[in-house]
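Going down the list, the protein sequences come from chains A and H.
Reading the first sequence from the start, the letters are residues 4 to 256 in my numbering.
Reading the second sequence from the start, the letters are residues 4 to 256 in my numbering.
Note that these hints are calculated values from the structure, not bench results.
Worth double-checking, as some hints may not be accurate.
Identical copies go unnamed one by one, so any copy, or any two together, can satisfy a pair.
[To be verified] Derived DSBU-like pairs (lysine-lysine); straight-line CA-CA distance at most 30 angstroms:
1. Lys39 - Lys164
2. Lys70 - Lys119
3. Lys173 - Lys39
4. Lys96 - Lys70
2 protein chains.
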Amino acid sequence: MNPYNQRQRFRTQQESGTTSGMCDNYLQANMLVLPKEYAFDFLLFCLRNPKPCPIVDVLEPGITTPKIANADIRSDLPKYRIYRNGEFVEEVKDIQGVWRDDFVTFLIGCSFTFEKALLEDEINLLHQEQRKVVPMYKTNIPCEEAGRFKGNMVVSMRALKPEEIDRAVKITESFETSHGSPVHIGNPAEIGIDDITVPDYGESVDFNEEERIPVFWGCGVTPQNVCLHAKPEIMISHAPGHMLITDQFEEKK
Amino acid sequence: MNPYNQRQRFRTQQESGTTSGMCDNYLQANMLVLPKEYAFDFLLFCLRNPKPCPIVDVLEPGITTPKIANADIRSDLPKYRIYRNGEFVEEVKDIQGVWRDDFVTFLIGCSFTFEKALLEDEINLLHQEQRKVVPMYKTNIPCEEAGRFKGNMVVSMRALKPEEIDRAVKITESFETSHGSPVHIGNPAEIGIDDITVPDYGESVDFNEEERIPVFWGCGVTPQNVCLHAKPEIMISHAPGHMLITDQFEEKK
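Given only the sequences and the hints, what does the whole structure look like? Please build it.
As structure tokens, this is what we get:
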């Protein structure tokens with residue numbers, strides 16, 4: 004199915020599941036909506052923290068159609084999360100009812116792009132084999148502050164075979180708008196992760212008794228974590244794994 | 004002289020000339036100051052137009068010390084220009100008197116870095132040989148709009164020997180924070196320049212009767228041009244050629 008038709012299915016709520024694996028070769032993006040009052044601080048936060056928050060597109064106040072997708076961002080994602088004053092409030096399938104003319108939308112690269120590049124180089128990913136959402140963890144790695152936005156990075160983890168690591172680093176570093184190269188390799192404790200079997204988001208993966216080394220990448224859930232500090236009156240994001248499918252092909256950079 | 008000492012000479016107004024050729028190997032930057040009200044639009048404008056406006060650093064409202072220089076940006080540049088409602092008002096050596104707590108400072112890469120890289124590869128530059136300020140021109144190349152900021156790109160021109168062009172493109176494309184690769188090669192009329200001997204900023208260079216091809220790069224004077232449209236109540240920039248000398252070494256990227 005092409006991206007437009009797939010988005011129509013979300014818009015009409017015939018479907019509302021994860022977009023993982025959908026519309027092969029098309030770029031998918033994390034979404035974050037904030038009132039204009041917070042937009043400069045957040046844009047600066049993204050610029051200063053390109054690994055968790057690589058900017059793909061920014062929509063000016065009130066604009067609902069991105070440059071990279073013939074879509075309405077208020078209805079064409081499968082599921083959204085609404086946060087008020089830094090607290091998660093509800094998950095919804097449409098945000099037309101809460102939309103305001105001062106809302107600024109940020110589209111942020113997601114890991115689907117680099118995962119596909121890894122697979123194409125025959126690096127298999129356990130969470131995909133086990134049909135799980137990739138495990139994500141809060142860390143002790145501080146993001147660089149920007150105005151009201153501060154907090155630690157959230158990372159996603161893929162456990163690779165030792166001989167795959169160098170290749171995985173090289174492949175992912177060329178996808179700057181898909182989180183780039185890993186932020187840590189090898190020791191979860193060193194970045195504040197006490198128990199690798201208990202992720203903060205997503206699902207735990209089974210290492211299959213093979214020798215596997217955990218590799219951590221910056222994660223687009225970071226802004227949701229940072230939001231706990233900034234406490235904007237309202238913030239809206241995609242639900243994890245439920246991205247905007249764009250009309251743009253995935254490419255390096 | 005090291006950057007700190009050189010900046011002190013500007014601060015105490017013992018000197019106020021161009022920074023061209025000063026503090027070898029240290030990054031120099033264009034400066035632009037706007038009220039916070041305009042900061043989101045302008046930051047987005049820079050992101051969408053990285054060739055004329057490659058972001059090097061952004062200082063949050065009221066902050067006067069950049070991360071990349073132990074400097075006071077209100078006094079440590081040799082000369083500033085103040086614009087009100089989009090019109091040039093005056094050139095001054097210090098902006099402490101007009102400084103406000105809601106001022107956001109943008110530091111933007113300048114062409115000195117890539118010029119040095121060209122020289123190191125034995126591509127000589129006529130404006131330097133002739134001791135002139137590089138010629139700059141208004142063009143018909145539209146910038147990508149962002150909020151209140153719209154307008155055409157300003158470019159700088161260096162006339163190269165035909166056999167130098169490929170190398171010059173390759174060298175400059177690796178300096179993304181110094182305007183990157185050329186925006187046009189060869190035909191001034193095609194980008195709206197009627198008379199190459201009459202630049203809009205800087206000084207005309209003599210082609211020396213050799214075969215030379217004009218090569219055009221995005222220029223940090225672009226925001227000053229774009230400002231004519233946005234008409235912010237106040238905007239402050241460095242005077243052309245009178246940059247902030249930072250404490251950071253020049254490097255590719």
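Cross-check of the supplied hints:
Taking the closest pair of Cα atoms, lysine 39 and lysine 164 never come within 30 angstroms of each other, the shortest separation being 45 angstroms inside a single copy and 49 angstroms across copies. Proximity of lysine 70 to lysine 119 under the C-alpha cut-off of 30 angstroms is restricted to the intra-copy arrangement: shortest distance 24 angstroms within a copy versus 37 angstroms between copies. In the homo-oligomer, the alpha carbons of lysine 173 and lysine 39 never lie at most 30 angstroms apart, since the shortest distance is 37 angstroms inside one protomer and 39 angstroms across protomers. Taking the shortest alpha-carbon separations for lysine 96 and lysine 70, only the intra-copy value of 22 angstroms comes in at or below 30 angstroms, while the best inter-copy value is 42 angstroms.
When the structure is compared with the earlier hints, violations turn up for hints 1 and 3 and for no others.
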